[in-house]
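> The chain contents come next:
Protein chains: 2
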Amino acid sequence: MTQKRKIKLGFILHGVGRTWDDWRHPERNVRASTNFPLYRKQAQLAEKGKFDFLFVADSLSINEKSSPHYLNRFEPLTVLSALAAVTDHIGLVGTLSVSYTEPFNVARQFASLDHISHGRAGWNVVTSWLSDTAANFGRKEHPAHSERYRIAAEHLETVQGLWDSWEDDALVGDKASGVFVNPEKLHRLDHAGTHFQVRGPLNIDRSPQGQPVIFQAGASETGRDFAARHAEAVFCGPADLEEARLYYADLKSRAHKLGRKDDLPFILPGAAPIVGLTEEDAEARYQELVALTSIDTGLGFLSRSFNDHDFRKYDLDEPFPEVEHIGNESNQSASQRILKRVRKDNLSIRQIALELATPRGDFVGTPTQVADALQNWFESGGSDGFVLFEPLPGQLDLFVQHVVPILQERGLFRQDYEHETFRENLGLSIPVNRYAVGRKQAG
Amino acid sequence: MTQKRKIKLGFILHGVGRTWDDWRHPERNVRASTNFPLYRKQAQLAEKGKFDFLFVADSLSINEKSSPHYLNRFEPLTVLSALAAVTDHIGLVGTLSVSYTEPFNVARQFASLDHISHGRAGWNVVTSWLSDTAANFGRKEHPAHSERYRIAAEHLETVQGLWDSWEDDALVGDKASGVFVNPEKLHRLDHAGTHFQVRGPLNIDRSPQGQPVIFQAGASETGRDFAARHAEAVFCGPADLEEARLYYADLKSRAHKLGRKDDLPFILPGAAPIVGLTEEDAEARYQELVALTSIDTGLGFLSRSFNDHDFRKYDLDEPFPEVEHIGNESNQSASQRILKRVRKDNLSIRQIALELATPRGDFVGTPTQVADALQNWFESGGSDGFVLFEPLPGQLDLFVQHVVPILQERGLFRQDYEHETFRENLGLSIPVNRYAVGRKQAG
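Top line first, the protein sequences correspond to chains A and B.
Position 154, counted from 1, in the first sequence is what numbering that gives the first Met the number 0 calls 153; the numbers after and before it change by one each time, with no gaps.
Position 428, counted from 1, in the second sequence is what numbering that gives the first Met the number 0 calls 427; the numbers after and before it change by one each time, with no gaps.
There may be inaccurate statements among the hints.
All copies of an identical chain are treated as equivalent in the list; a pair is satisfied when it fits inside any one copy or across any two copies.
Cut-off 30 Å, straight-line C-alpha distance, at most; resulting in silico cross-link-like pairs (DSSO-like, lysine-lysine) [unchecked claim]:
#1 K174 with K312
#2 K312 with K256
#3 K174 with K184
#4 K5 with K256
These are calculated hints, taken from the structure and not from any lab test.
Make the full structure from the sequences, and use the hints.
In structure tokens, the structure reads:
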């Protein structure tokens with residue numbers, strides 16, 4: 000009998016908020032983004048709810064126009080290491096860019112986190128060749144889009160190679176003979192590639208997971224191929240279930256064509272549930288969120304999807320203007336989606352702007368309604384689970400208290416952690432070291 | 000009335016051991032170097048002893064000949080972040096090389112650690128342009144010695160500049176008006192130097208210390224000048240009190256000539272106390288350590304100080320041979336010191352080899368004898384404090400239980416932590432942000 004497929008749940012620690020104006024909520028600490036006690040509290044709450052993992056996003060540059068949750072943030076590896084010391088079971092996934100880091104340093108930091116946490120590290124692999132970011136790293140130009148992913152793939156493969164430096168039994172530690180390490184089981188990588196040349200071995204022994212779990216968030220064509228080939232889980236941001244299903248089917252199909260037989264990667268859309276004890280309570284909480292949103296923020300979102308078009312020149316409460324011809328080329332799907340939404344309910348500029356800044360999504364309702372919606376996405380080809388945001392203070396607590404037990408009753412979510420490592424709790428096995436594989440084949 | 004000068008105490012977390020053979024002690028865990036519970040236990044014990052700081056050393060390459068405590072180790076920033084979550088007062092000093100890191104990443108990780116720990120971060124600035132290390136970072140060559148320190152200085156100054164990106168009151172967080180940040184108090188660094196070009200601002204707000212504490216370990220001429228100019232504390236390894244005094248006087252004089260008026264940097268020699276409840280007990284513990292040492296390890300040390308001369312061709316129990324002419328040029332002081340020591344007691348090759356591998360130092364004895372020796376170094380111009388190693392399991396516990404109270408009784412060491420931050424506990428003030436200084440002068 001095969002085990003029933005379970006929903007994977009992650010929680011994203013985002014400090015002051017998920018959107019531009021969340022920080023204005025009366026109960027938000029405006030310094031939340033660098034407040035470790037708050038991070039610890041949320042992490043322990045998510046662990047109480049048996050979540051699979053915590054997720055820390057990242058970015059590498061700011062300017063005057065940056066959103067509050069971008070302006071000020073913990074560096075992911077440091078805060079995840081600190082959280083490792085105050086949690087026991089939950090996975091710890093951090094974003095780290097391949098663009099301005101050395102594979103040797105990246106491999107070490109994640110291997111170290113994996114040791115500290117007894118096997119709970121995950122790496123969300125991103126590239127970050129934006130011109131603003133380049134200026135923080137002494138670069139004036141950045142490589143072409145397709146080239147970026149070739150660099151990313153080589154960086155990742157180098158890191159994964161370094162993680163195999165030590166075979167499981169390389170550290171002998173025989174006090175009588177004085178043999179500390181078996182040199183035959185300690186391997187140089189000798190990677191000599193196009194973008195990286197790294198000798199190895201890594202100066203930290205094999206970590207409990209062997210290979211920390213690989214996350215990715217591919218959206219473009221090359222990004223999707225990268226995710227399909229390399230990721231074990233993908234964090235994505237579909238606007239609705241229809242878009243989620245298309246993305247899900249596309250990514251699984253790409254992975255299958257690339258020869259993956261494990262039905263990976265897991266597809267995990269972001270979700271921002273607003274749980275109320277009644278429908279009215281939930282709606283009131285959502286409206287509380289909407290009320291925080293300034294029209295400036297909304298117009299900013301709108302404008303970015305229409306090639307920076309200035310919508311202030313219209314009466315904001317009149318019907319939406321004819322702007323089909325100014326859709327942003329690099330963001331065509333966003334402008335199309337907005338126009339479709341506007342036409343459906345004949346929205347004004349103000350209405351669509353505020354809605355964009357405060358997306359409602361499918362997950363506003365009573366605990367049962369939220370559980371139903373999550374189950375629907377999960378069972379109808381929309382997702383393998385979710386990465387949850389906390390759109391309002393207190394929502395994680397409500398979710399853990401009221402939604403998790405429903406999912407558990409339905410057999411859709413774990414009753415407790417069943418394994419030691421993040422990888423095993425996800426249902427993945429610990430990979431055999433590449434050099435041990437070679438030895439087994441030769442033997 | 001000025002406060003009495005106090006001894007500064009650090010504890011170095013070194014996993015399996017301080018020397019090549021310590022790991023063979025029956026009570027050592029051979030996996031100590033990646034055992035977080037052990038690190039936590041030592042950290043909490045040092046904090047119970049009111050130590051100023053924990054210290055984590057580092058290196059960036061290994062080979063078959065590397066010592067066990069080099070082969071396998073935590074990455075410093077990750078393990079210090081984890082320790083930040085399970086301690087409350089003790090400083091957290093980590094080694095990080097400027098050679099293969101980006102100033103923006105380094106500034107972020109230490110600022111993040113400083114936030115997580117509520118003001119307890121310290122950076123031990125090192126350069127690491129060894130050819131073995133270069134091979135792990137895609138470099139075939141490394142810059143000339145003097146050039147390395149110019150790069151190090153520019154890297155450090157860039158990091159320190161980024162730490163001032165946010166003035167103390169840049170994060171406004173006014174919920175009513177919707178103003179999150181005051182753009183006039185958020186600064187680009189716009190550093191355009193010889194080796195680094197970094198725009199800024201840093202994407203994390205000003206940390207509790209403003210500027211994490213800077214450590215260094217300069218030994219060469221250029222290294223000493225770098226330490227004298229930039230460091231707030233220096234970790235050094237003099238062989239005896241005489242050498243310590245010379246180093247102390249030299250470094251303080253260099254700092255003074257460079258215009259520093261604060262009597263910094265603090266000079267902190269390494270020390271490896273072996274405390275026994277009686278003299279016999281202490282001696283027996285030291286002999287226990289000597290007994291762990293293999294003659295191979297000792298000959299390795301000896302050979303490295305004499306240009307890799309092969310001492311196995313002599314009878315190891317005969318008097319030391321005439322080898323004055325083969326002193327290692329890059330390590331002249333070490334070979335001179337060995338010859339002086341050999342002549343003093345007419346030692347055999349075996350005797351000096353084992354002694355080199357297991358240096359006895361001045362700190363073997365009863366709690367009172369060890370306290371006396373520390374006080375003597377501290378009061379006779381040898382040091383401002385010490386970085387303690389734990390040469391045998393259980394020694395930190397003995398030191399905290401028996402030596403610390405004596406130092407406290409004598410008024411040489413704190414009774415309790417008096418401030419929030421590491422910097423203030425060291426007796427240093429929180430630096431005023433460079434942009435606020437400018438504003439004050441203009442006002």
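> With identical chains, the pair K174 and K312 could be close in the same copy or across copies; at 30 Å between alpha carbons, which is it: within, between, both, or neither?
Between. Shortest inter-copy distance 27 Å satisfies the 30 Å Cα cut-off; intra-copy 79 Å does not.
> For the identical chains here, do K5 and K256 meet the 30 Å Cα criterion within one copy, between copies, both, or neither?
within (25 Å within a copy, 68 Å between copies)
> If the cut is 30 Å between Cα atoms, do K174 and K184 qualify within a copy, between copies, both or neither?
within (18 Å within a copy, 58 Å between copies)
> Between copies, within a copy, both or neither: which fits K312 and K256 at Cα up to 30 Å?
For K312 and K256, neither the intra-copy (49 Å) nor the inter-copy (65 Å) Cα distance is at most 30 Å.
Checked against the numbered hints given earlier, this structure breaks only hint 2.
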